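Dock chain B against chain A, hints included.
First to last, the sequence lines map onto chains A and B. All residue numbers for the first sequence refer to our numbering, where the first residue is 145 and numbers rise by one. All residue numbers for the second sequence refer to our numbering, where the first residue is 43 and numbers rise by one.
None of these hints come from the bench; they were simulated from the model. Every value quoted in this text rests on a predicted model; they were computed, and no experiment measured them. Even glycine gets a Cβ: it sits at the ideal position worked out from N, Cα and C. Careful, some of the hints might be misleading.
What the hints assert, rightly or not - Simulated crosslink set (SDA-like; lysine to any residue; CA at most 25 Å straight-line):
1. Lys-330/A x Trp-287/A
2. Lys-330/A x Arg-174/B
3. Lys-268/A x Glu-313/A
4. Lys-339/A x Arg-174/B
5. Lys-283/A x Met-168/B
6. Lys-330/A x Met-168/B
7. Lys-385/A x Arg-362/A
8. Lys-330/A x Gly-104/B
9. Lys-339/A x Pro-143/B
10. Lys-382/A x Glu-137/B
11. Lys-366/A x Ile-179/B
12. Lys-74/B x His-390/A
13. Lys-76/B x Ile-105/B
14. Lys-76/B x Gly-398/A
15. Lys-272/A x Arg-117/B
16. Lys-330/A x Asp-106/B
17. Lys-76/B x Val-394/A
18. Lys-268/A x Arg-124/B
Claimed, not checked - For each label pair, taking beta carbons as the anchor points, the in silico distance ranges come out as:
19. Glu-280/A x Cys-193/B: 25 to 35 Å
20. Asn-364/A x Arg-120/B: 47 to 57 Å
21. Gly-367/A x Thr-88/B: 29 to 39 Å
22. Arg-120/B x Glu-304/A: 14 to 24 Å
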Amino acid sequence: MSYFEAQIPEGLLASAWLGNSVSVSHPHMSEREFLAKLKLVAMRHLTRSGCAEAQGSFREPVHIYDKPKQLRYGRKFYCVAHHGSFLDVQEVESSTSRPVPQVVVSQEAAQWLRPPDYDLFRLKIAAKTDISDFLEVVKGINWDHKTAEDFISGIDLALEAGAHVTARELAMQGAEIHFNSEELQKYARVLAPPKLLAKPRRANVQPKANTEWLQANRNNYKGQWVALQNGVFIASAKTYKALVTHIGDVKDRGILITPIY
Amino acid sequence: MLLNFENGDPFATGSASYRYRQFRNAPRIFIKIKVEGEETDAFLDTGGIYFLCSPELAEKVGIDPTAALESLEIRMTRFTIRGVLHRLGIELLSEDGADYPVEVTAFFPDPDQAVGERLPVSYLGMLGCLERFRFAIDPDPERQRFYFGPCP
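Excised from the complex, chain B in its bound form:
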């Protein structure tokens, strides 16, 4: 059942199951997304910024260097990483309702850094990425459902 406001307006237009699994020192919520046609996992990081693209995904997707900003450093919890900001199309995949394609600000790590082990998966940060979604979690172990919809 998708979520609605009291007046019947949709809060969520799509939903999908998520996996709650350990990643480094904390359990994370992983969902399926599509990036430029490539299906991949990413985890929700509401305290983070941008869509942080893993080096593996960045290599598959590729970017236009002329459309990227100057290189900058982003501080993660235990390390810093250098890369560029670029616009990118991602899609939240729905099992019930509609998929949600959105263009976000993405951070692509510089390929010459050895950060593959530190950044094996992509992150969905709040600023520049999740901030245009309404989203909710149903943590019931029978369901483990991630609901999402557009925020105007």
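Bound-form chain A, shown alone:
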């Protein structure tokens, strides 16, 4: 399979064919997270370049160099920055075993090199991969020290990922911490659990009186529907509809309507 160069959405150049026995270590990501990131980037590239037959499979071994971390395919070298972003590396002319790559940091990669964005960066990647990855990343972030804007970004990403319960939890937590943030208060208001607007009125009902009447009189009304109000018989009929038609609207009147078998 030929190599095709492609620009991926984050502005980073990357292409990798990963062998099954790739093992990488990373100071800030677990191996699983890091491999997931590599595979996501590679799959996007494969899809865009039309290499349909290669989707879902990773062939060709990849060579990993220890310091700095590099992936090599053909004559191109790619550096992996400490946070997992690929830095694009110019093609090396020489095909000797120890070439000297020129490192060019793309604007997007440079932005992610700032440590405070790292949590959000991970969250953004996880929101596009798998919801369980996303939930794991959310859980691992210390939200107590995040800004209102971070909370809002996190909530938007949670909604995008389909993690609606998490979105609500973040909204509630964020609104409690940042009580001055109008935007965050709005998120909390919209995503809050449903709220009863008025206490449902219920007419005075005496279920015990009704139960006593039924126990005493059920044999006389077997197979029929009866209407009772606080232990007092009102009417009976062969069907529910006939009974309701006879006694009228029962709403808020505390009338028990029940069949007797």
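Below, chain B alone, put in the same frame as chain A:
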């Protein structure tokens, strides 16, 4: 007869008949509700989220754009739909007992999408909507009753 717990506390404070009819590839339970004064049908979707407002109802009700969240996409079974989340008052209508007014999280589809045919009625989802109700179904064909009450 409304439903009670063993100790006499109410499980349901209202009940109403429902219609069980085919909607797309499955039969659904339809009940009558009121939304900002507009009476309409909606079906129970315990696997769904929010109150999904049909475009027709959304147009009648209207929303305050400043009170809505940023636009997002929700995945339905066979299509995705873009819209905004907004707070909304709905009322479960009772034929026996009390109506149940509640403020829920509602999803309003963006009007520029042609989803009217795909979303001809509104859905009552669990998260953000039904989760504050206790509810039960009596599927007896003679009754077909939907019982509901507040969940504290």
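Proposed proximity, Gly-104/B with Lys-330/A (alpha carbon, max 25 Å) = At roughly 18 Å apart (the allowed maximum being 25 Å), Gly-104/B and Lys-330/A satisfy the hint.
inquiry  = Hint check: Lys-339/A vs Arg-174/B, CA-CA at most 25 Å. Holds or violated?
reply    = 8 Å, holds
message = Next pair to validate is Lys-76/B with Val-394/A; report whether the Cα-Cα distance is within 25 Å.
response = 20 Å, holds
key: Satisfaction of hint between Asp-106/B and Lys-330/A, Cα-Cα up to 25 Å   = Answer holds: Lys-330/A to Asp-106/B is near 12 Å, not above 25 Å.
request  = Given the hint that Lys-76/B pairs with Gly-398/A, test it: the Cα-Cα distance must not exceed 25 Å.
outcome  = Distance ~23 Å between Lys-76/B and Gly-398/A Cα, so the pair holds.
query = Has the given pair, Lys-330/A with Trp-287/A, been kept, meaning a C-alpha gap of at most 25 Å?
reply = This hinted pair holds, its Cα atoms lying about 19 Å apart.
Satisfaction of hint between Pro-143/B and Lys-339/A, Cα-Cα up to 25 Å = 9 Å, holds
query = Hey, Lys-272/A versus Arg-117/B, does the alpha-carbon distance stay inside 25 Å?
reply = Within the cut-off at roughly 14 Å; holds.
message = Checking one constraint from the list: CA of Lys-330/A to CA of Arg-174/B, max 25 Å. Satisfied?
response = 21 Å, holds
inquiry  = Please check whether Gly-367/A and Thr-88/B have a Cβ separation lying inside 29 to 39 Å.
reply    = 35 Å, holds
message = With the threshold set at 25 Å, check whether the alpha-carbon distance from Lys-268/A to Arg-124/B stays at or below it.
response = 20 Å, holds
inquiry  = Next pair to validate is Lys-268/A with Glu-313/A; report whether the Cα-Cα distance is within 25 Å.
reply    = Holds: Lys-268/A and Glu-313/A sit about 18 Å apart, inside 25 Å.
Checked against the numbered hints given earlier, the structure satisfies every one of them.
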